[in-house]
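Since each chain sits alone in its own frame, please combine them into the complex, following the hints.
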Amino acid sequence: MTDIASPRTDIPQDEPARQRDELDAAWRSPAGWRAISAVNQTYVGRRFVITGFIYFLIAGILGLVIRVQLAVPENDLLTPEAYNQIFTMHGTMMMFLFAVPILEGVAVYLLPPMLGARDLPFPRLSAFGYWCYLLGGLLLLSSLPLGLAPDSGWFIYPPLSSTLFSPGMNVDFWLLGITFMEISAITASIELIVAILKTRAPGMSIDRMPLFAWYILITAFMIVFGFPPLIMGSILLELERAFGLPFFDAAKGGHPLLWQHLFWLFGHPEVYIIFLPAAGIMSMVVPTFARHPIVGYRWLVLAAVGMGFLSFGLWVHHMFATGIPQLSLAFFSAASTLVAIPSGIQVFGWIATLWHGRPRFDTPLLFAIGTIVTFVIGGFTGVMVAIVPFDLQVHDTHFVVAHFHYVLIGGAVFPLFAGIHYWMPLALGRMPSERLGRCSFWTMFAGFHLTFFPLHWLGLIGMSRRVYTYLPGLNLELGNLIATGGAFLFALGVLLAMVNILWTARSGTPSGDNPWNAGTLEWLKVPTPACNFRSIPVISSRDPMWDQPKLSKAVELGVGFLPDSLGGRRLMMGTSATDARPEQVLELPGPTYMPLVAALCVGVFFVSFLLKLYAMAALGGLLSVAAFLVWMWPTSPEGRRGDIVASPGTVLPTAHGHHAAPGSTALNVTLAADAALYGSLAFSLFFLWSYTPDRMGTPLPSPSAWPAVLDLCLMLAGSAVLAWAERRMRAGAAVPAMLGLPVAMGLATAALAHGLLSSGHLGLPAQEHALAAVLWTLFGYQAIHAGAAVLIAGLAAVAAWRGHFTRGRHLALRIAVRFWHYTAALWAVGFVLVHIPPLLG
Amino acid sequence: MPSVPKGSAILVAPAILWSAHFLFVYVFVSLACLWGWHEATVMGVRVVTAAVALATAAAVLPIALLGVRAWRSAPGATADPTDTRSRRGRFIAQVTAAQSALFAFSTIMVGVPTLMRPPCV
Ligand code: HEM
Ligand SMILES: [Cu+2]
Chain V
1 MTDIASPRTD IPQDEPARQR DELDAAWRSP AGWRAISAVN QTYVGRRFVI
51 TGFIYFLIAG ILGLVIRVQL AVPENDLLTP EAYNQIFTMH GTMMMFLFAV
101 PILEGVAVYL LPPMLGARDL PFPRLSAFGY WCYLLGGLLL LSSLPLGLAP
151 DSGWFIYPPL SSTLFSPGMN VDFWLLGITF MEISAITASI ELIVAILKTR
201 APGMSIDRMP LFAWYILITA FMIVFGFPPL IMGSILLELE RAFGLPFFDA
251 AKGGHPLLWQ HLFWLFGHPE VYIIFLPAAG IMSMVVPTFA RHPIVGYRWL
301 VLAAVGMGFL SFGLWVHHMF ATGIPQLSLA FFSAASTLVA IPSGIQVFGW
351 IATLWHGRPR FDTPLLFAIG TIVTFVIGGF TGVMVAIVPF DLQVHDTHFV
401 VAHFHYVLIG GAVFPLFAGI HYWMPLALGR MPSERLGRCS FWTMFAGFHL
451 TFFPLHWLGL IGMSRRVYTY LPGLNLELGN LIATGGAFLF ALGVLLAMVN
501 ILWTARSGTP SGDNPWNAGT LEWLKVPTPA CNFRSIPVIS SRDPMWDQPK
551 LSKAVELGVG FLPDSLGGRR LMMGTSATDA RPEQVLELPG PTYMPLVAAL
601 CVGVFFVSFL LKLYAMAALG GLLSVAAFLV WMWPTSPEGR RGDIVASPGT
651 VLPTAHGHHA APGSTALNVT LAADAALYGS LAFSLFFLWS YTPDRMGTPL
701 PSPSAWPAVL DLCLMLAGSA VLAWAERRMR AGAAVPAMLG LPVAMGLATA
751 ALAHGLLSSG HLGLPAQEHA LAAVLWTLFG YQAIHAGAAV LIAGLAAVAA
801 WRGHFTRGRH LALRIAVRFW HYTAALWAVG FVLVHIPPLL G
Chain L
1 MPSVPKGSAI LVAPAILWSA HFLFVYVFVS LACLWGWHEA TVMGVRVVTA
51 AVALATAAAV LPIALLGVRA WRSAPGATAD PTDTRSRRGR FIAQVTAAQS
101 ALFAFSTIMV GVPTLMRPPC V
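Here the protein sequences come in this chain order: V and L. Counted from 1, the first sequence has number 50 at position 50 by this note's numbering; the numbering is strictly sequential. Counted from 1, the second sequence has number 75 at position 75 by this note's numbering; the numbering is strictly sequential.
Quick caveat, the hints were computed from the structure, so don't treat them as lab data. Do not take every clue at face value.
Claimed, not checked - Derived, one-sided and incomplete: chain V residues facing chain L with beta-carbon distance under 7 Å:
1) Asp76
2) Ile206
3) Ala334
4) Thr578
5) Thr670
The beta-carbon is built from N, C-alpha and C at its ideal position, and this holds for glycine as well.
This is chain L alone, in the form it adopts within the complex (with noise of 0.2 Å):
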C-alpha cells in the first residue's frame, strides 16, 4: 500500500512555498532599485535577474516535485465507506497535487514578468 500522509498540512506546502517567493522577490527588487543595485552585473548577468531566475527556479521545482509525489501516491478510490484512511488519503493527494499545479503556475506568473522587463523603471 503506498504511504497514505499522515496529516493534512501538506495540502497548502505548495502555497507556503508560493509565498517565500513572492516575499522575497518583492523584497529582493524593492531593495535592490532603492539602493540602485540593480546596475550591478555579474559576468555579463544582472544580479537582479539571476537572483529573480534563480528563486524561481528555487521554487517552482520543490513544488512541481511535490506535486507529482503526491499524484502518484494517491490510494486508488473505494467504494467502502469504513475504509476511512484510504479515502482521505487519496483526497489529501490530490488535493495537494492540484495545489501544486496551481501554485507552480503562480509562481511563474510572479517570477518571468520581472525577467522580461528591464527593472526599476
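Isolated chain V (complex conformation) (with noise of 0.2 Å):
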C-alpha cells in the first residue's frame, strides 16, 4: 500500500498538546439538544443505567403497592384484577426493563475503558438499541395509566394468555413491548462480544482480560442462543392472538404447553444471564477492596462457562407441577443440583480472595458481602425447591417469592449498589460519601431480609403467591406485617443511595486518577477523557495499575498506539481474539441521528400494530427498511483505507472494508442467533407435530413438494453464482461480482414470487390447524430471510458498480454471500421440515 499515513517524526514543541486537541475533538460528542445524536458509549451506556434505574424505581414502587395491599387480612385497596396487573408489571418490569438492561448499560459504560478501547466497535448499534429499549419500554409502561396493563403473570402463560380468556390489549402490550425491546438485548450482545474478541488493548490475551469481561463474554453469548426461544414464543402467541394462528389452542391441535417449554428455555438462562454481570462486577470489586489480587481466576472462568452452559439444561425444572415423564424430571433434577458446582466455586473465589487480602470495609465491599450471604440463602432454598417432592409441596407459595427474590435481589441488586458506589468517582469524579453509603447498605439490608425472610415461613404454612388477599386467623397477619414494614425500610435504602449519587455529583470531593487503589485500567485517568485513552498502551499483567507503575506516565505522554488522530478521524485498536496481537486500525463514525430515527421506524412498526392498525404497521415495517438501507448505503471509501503507522515500527491496515474487520465476527453472531430463532419454530414444529394425536393417519393435505423443490433451487443457484463471483473478487476481478449480485437477486425474486403465488401447496389454512400454522410461519421465516438477502446483496451490488471493491477490500460481498447462504441453508432445512416428516408419518 503506497498511502501510509504516519505521524510526524519531528516533534515540535507543541506537537503533544496538538495531538491532545485533536483527539478530544475527534471523539467529542455535541452538547444540548444534539447530545441525543452521541453514540459513544461513554453516553449510550450511562443513558442505559439511568434508564433502567428508573425502571427500577417504577417497578420497585409496584412492589411496594403490593405488600401495602397484603399488609393486613382481607385488605381491600386494590381490586383483585388491579392486583394481577400489578405484580405481572412488578415482575415484568424488573426481569426485563430493569435486571438484564441496566447490567449491560454498566457493561457498555465499563467495558471499552476496561479493555483498552476507545468506544464499542459499533457505535451506532449499541444507540440503535438504547433507543429500541426506552421506547419499547415506554410502549409496556404506557398500559399501566390505561389501567391495561398485562395480568397473567410474568410468564403470561396461555390459555389465560389466550384471546378467549385476555380478550383485551393487556398481554399485547407483554408481548409487543418486550419484543420490541429484547432488540436491545441482542444488539447489545452483538456488540460486547466483537468488543471482547477483537478490540482489546495490546497484549490482553485471554488470560489476563478482566473477570469482568470474561462474564460479559459467556452472558453475552447466553443471550444470543437464550432470548430466541422467548422472542419466537412471543411471535407465535402474538400471531395467535392477532390472526387466529392457534399454536397454542389444543381444539385446533395447539398446546399451551409449547409456550413453557419456549418460555423457560430462554427464563431459567435468563436468571444467570441477570446473576453472570453482577458476578462479574463483584469479581472487580472485591479484590480492589480485599487489596489483593483475585483468587483462583481460572477457577472462575471454569465457574462462569459452567453456569453459561449448564443453565441452559435447566428449563424443565420449572413446570414439575405439569406432569412430565418421571424420567425426564429426574435428569432435569440432576441438572439443576450441578449448577451448584460451579455457583459454590464462584463464592469460594471470593470468600478466598477475602481471606488472603487485607479488606478494608468501604461500602462497595458492604454491599459484595450482602451479595455473599443473599445469595447463598437463595442458592439453599434453590437446591430445595429443585427437589421435585418438596417442590410440589410449595409450588406457587410465597417460599417461591422469597427464594427468588433471595437469588435475585442477592444476585442482582446488591452487586448492582456495589458496582454503582465503586465506579461513581469514574462516572462522577468525584468520592461518594462513605456515611451515607454505610448507612443506605444496613438499611438495605435489614429492610431485605424483613421483607422476605418471613416470606419462607407464610409459604410453608401454605400462603398462596399472586393471590390479592388472604383470611384472618391463619397465624399469616404477624409475618405478612413485618414483610411490609421492611419493604419500606429497603426503599427507604434505595433513597439514601439516590442522595448519595447527588450528594456525590455536588459536593463530592474530587477522587483524582484510581481512587481505590484498583487493579484495572478503567482506573488510569479520572475523570476520564472522551478519547477514554490518549494512547493505547501495551498489556503485560492481569492487573496492570498493580503492576506496571509507569503505564499512566506513558500513555500522558502518547507512548503506545494510535496517540495521533490523523487530523481528527476517531482511530482505534483491533486486535486478534486470543494473543490480542494488533492487526488493523478501525475508524469508528461520530454522531448521528440515524439510530433514532431507525428506532422510531420500527416504533411505528410495534405501535400500530399494538392497535390493530395492520396497514400502518406495514407501512412501519417499510419505513425501517428504508431508514437501515439509508444507514447501510455505501459511502465512498475515499481516505478510509490503506495502512497506517500505528506506533513507530507498527505498520496496520485500516479495517474499512477488510475481510477480517469486526463486522464479520458481527455477522456470525447475528447469524447464530437467528439459527436459535429459527431452531425454536423448529422445535414448536417438533413438539406439536408429537402430540398430535392422529398424527399416524395425518389429518392434513399434506403440502405438495414439487413448487417447494423449484423456489428451493432457485435459492441455492442464486448461492453457487455468488459463491463464483467472490471467488472471482478475491483474485481481484470485480465484475463477476458486478454481474452475480443482479443475478442472484433476480433469482430470489423469482423464488419468493413464485413461493407466494404458490403458497396454497402449503395445505391447509393457517387458521384451521396448528401445524398448518407453523408452516405457514416457517415459510414467512424464509421468506423474509430471502427479501433480506436481496436488501443485503443490492446494497453490495451498489458498492460493486460504484467500484468500491478491490482484491483485498470487499467486506460488503461476503457479507451478502454468507448471509445468502445461509438464507439457502434455511430454505433447504425448511423443505426437510415441511415435507419429511409427513413421510414419516
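Shown next, in the form of C-alpha cells:
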C-alpha cells in the first residue's frame, strides 16, 4: 500500500498538545439537545443505566403497593384485577426492563476503558439498541396508566393469556413491548462479544482479561442463544392473538405447554443472564477492597463457563408440576443440582480472595458481602425447590417468592449497588459519602431480609402467591406485617443511595486517578477523557495498574498506539481474539441521528400492530427497511483505506472493507442468534407434531413438494453464482460480482414470487390447524430472509458498481454472500422440515 | 516444546459435548415415552437404556480424552511476562482440563439416573 499516513516524526514542541486537542475534538459529542445524536459508549452506557434505574424505581413502587395490599388480611386497597396487573407489571419490569438492560448498560459503560479501547466497535448499533429499549419499555409502561396492563403473571401462560381469557389489549402490550425492547438485548450482546474478542489493548491475551469481561462475554453468548426462544414464543402468541393462528389452542392441534417450553428455555438462563454480569461486578470489587489479586482466576473462568452452559439444562424444572414423564424429571433434577458446583466455586473464589487479602470495609465491599450472604441463602432454598417432591409442596406459594427475591436481589441488586458505589468516582469524578453509603447499605440489607425472610415461613404454612389477599386467623398476620415494614425500610435504603449519588455529583471531594487503588485499566485517568486513552497502552499483566507502574505516565506522553488522530478521525485498535496481537485500525463513525430515526420507524410498526392498524404496521415495516438502507448505504472508501503507522514500527491496515473487520465477526454472531430463532420454530413444529394425536393418519392434506423444490433450486443457484463471484473477487476481478449480485437477486425474487403465488401448496389455511400454522410461519420466515438477502445483495451491488471493491477489501460482498448461503441453508432445512415428516407419519 | 493450542475455542469443547448429549437424551427419551418405544427390547436389553448408555459413553470418552490431553500438553509455568505464548497456552490447557472434569461428571450425572429408573413412569 502506498498511502501510509504516519504521525510526524520530527516532533516540534507543541506536538503533544496538538495531538491531545485533536483527539479530544475527534471524540467529543455535541452538547445541549444535540447530544441525543451522540453514539459514544460513555453516553449510551449512561443512558442505559439511568433508564434502567428509573424503570427499577417504578417497578419497586409497584412492589411496595403489593406489600401494602398484603399488609393486613382482607385488605381492599386493590381489587383482584388491579392486583393481577400490578404484580405482573412488577415482575415483568424488574426482569426485562431493569435487571438485564441495566447490567448491559454497565458493561457498555465500563468495558471499553477496562479493555483499553476507545469505544465499542459499532457505536451506532448500541445507540439504536438503546432507543429500542427506551421506546419498547415506554410502550409496555403506557399500559399501566391506561388500566390495560398485562395481568397473567410475568410469564403470561396461555390459555390464560389467549384471546379467550384475555380479550383485551393487556397481553398485546406485554408481547409487543417486550419484543421491541429485546432488540436491544440482542444488539448489545453482538456489540459486546465483538468488543471483547476484537478490541482489547495489545498484549491483553485472554488470560489477562479482567474477569468482568469474561462474565460479560459468556452472558452475551447466553443472550444470543437464550433470548430467541422467548422472541419466537412472543411472535407465535401474538400471531395467535392477532390473526387466529392456533399454536396454543388445544382444540385445533395446538398445545399450551409449547409456550411454557419456549418461555423457560429462555427463563432459566435468564436468571443466570442476570447473575453472571453481577458476579462480574463482584469479581472486580472484591479484589480491589481485599487489596489482593483475585484468587483462582482460572477457577472463576471455569465457573462462569460452567454456569453458562449448565443453566440451559434446567428449563423444565419450572414445570415440575405439569406432569411430564418422571424420567425427564430425573435428569433435569440432576442438572439443577449440578449448577450448584460452579456457583459454589464462584463464591469460594470471592471468599478466598477476602481471606488472603487485607480487606477494607468500604461501602462497595459491604454490598459485596451482603451479596454473598443473601445469594448463599437463595441458592440453598433453590436446591430445596429443585427436589421434586418438595417443589410440589411449595409450588405457587410465597416460599417461591422468597426464594427468587433472595436470588435476584442478592444476585443482582446488591452487586449492582456495590458497582454503583465502586465506579461512582469514575462516572462523576468525585468520591461518594462513606457515611451515607454505610447507612444505605445497612438499611437496604436489614429491610430486605425483614421483607423476604418471613415469606419462607408464610409460604410453608400455605400462603399462595398471586392471590390478592388472605383470610385472618391463619397465623399469617404477623409475618405479613413485618414483611411490609421491611419493604419500606428497603425503599428508604434505596432512597439514601440516591441521595448519596446526588450529593456526590454536587459536593463530593474530587477523586483523582484511581482513588481505590484498583488494578484495572478503567481507573487510569479520572475523569476519563472523551477518547478514553490518549494513546492505547501495551498490557503485560492482569492487573496493569498494580504491575505496570509507568503506565499512566506513558499514556499521558502518548507512548503506545494511535496517539495521533490523523486530523480528527476516530481511530482505535483491532486485535486478535486470543493473544490480542495488533491486527488493524478501526475507524468509527461520529454523532448521528440515524439510530434514533431507525428506532422510531420500528416503533411505528410496533405501535400500529398494537392498535391493530395492520396497514399502518406494514408501512412502519417499510419505513424501517428504508431507514436501514439509508444507514447502510455504501459510502465512498476515499481516504479510509490504506495503512496507518499505529506506533513507531507498527504499520497496520485500516479495517474499512477488510475481510477481517469486526463486521465479519458481528455477522457470524447475528447469524447464530438467527439460527437459534429458527431452531425455536423448528422445535415448535416437532413439539406440536409429536403431540398431534392422529399424527399417524395425517389429517392434514400434506403439502405438495414440487413448487418448493423449484424455489429451493432457485435459491441454491443464487448461492452458487455468488460463491463464484466472491472467488473471482478474491482474485481481483470485480466484474463477476457486478453481474453476479443482480443475477442472484433476480433468482431470489423469482423464488419469492413463485413461492407466494403457489403458497396454496402448504395445505390447510393457517387458521385451521396448529401444524398448518407452523408451516405457514416457517414459510414466512424463509421469505423474509430471502427478502433481506436481496436487499443486502443490492447494497453490495451498488458498492460493486461504484468500484468500491478491491482484491483485499470487499467486506460488503463477503457479508452478502455469507448471508445468502445462510438463507439458502434455511430454505433447505425448511424444505426437509415441511416435506419429510408427512412421509414419516 | 509441547504444542500450544492456537485458538481459545477448545476451552468450550467439553461443554458443547455435554450439551449435545443432554439434548439427545432429552429428545430421544421424550419421544420414546410419547410413542411407547420404551417397551421395545433388543436381545433382552431395553432400547432406551441401551441408547442412553451408548450416548453417555460416546460423550464422556471424548470429554475425558480432551481433558487428559490438555492437562499433559500444558506448558510449564513461566515468570517471564513477555512470554505471552506459553503463559496463555498454560491457561487454556488448564481451564480446558478443568472444564473436562466438570462436564464429564455432569454428563454422567445426566446419563446415570436415566439408566437407573424405569423410563416413562
Ligand atoms: C422493593 C423491593 C421488592 C418488593 C417489596 C417486592 C415484592 C414482591 C411481592 C410481594 C411479590 C409477590 C406477589 C404475589 O405473588 O402475590 C413479588 C413478585 C415478583 N417480584 Fe418482587 N419485590 C421487590 C423487588 C424485586 C426485584 C428487584 C425483582 C427482580 C429483579 C423482583 C422480581 C419479581 C418477580 C419476577 C415477581 C413475580 C411476579 C409474578 O408472579 O408474575 N422483585 N415481588
Ligand atoms: Cu430456573
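Practice task
Output the numbers, in ascending order, of every earlier hint that fails for this structure.
Solution key: 1, 5
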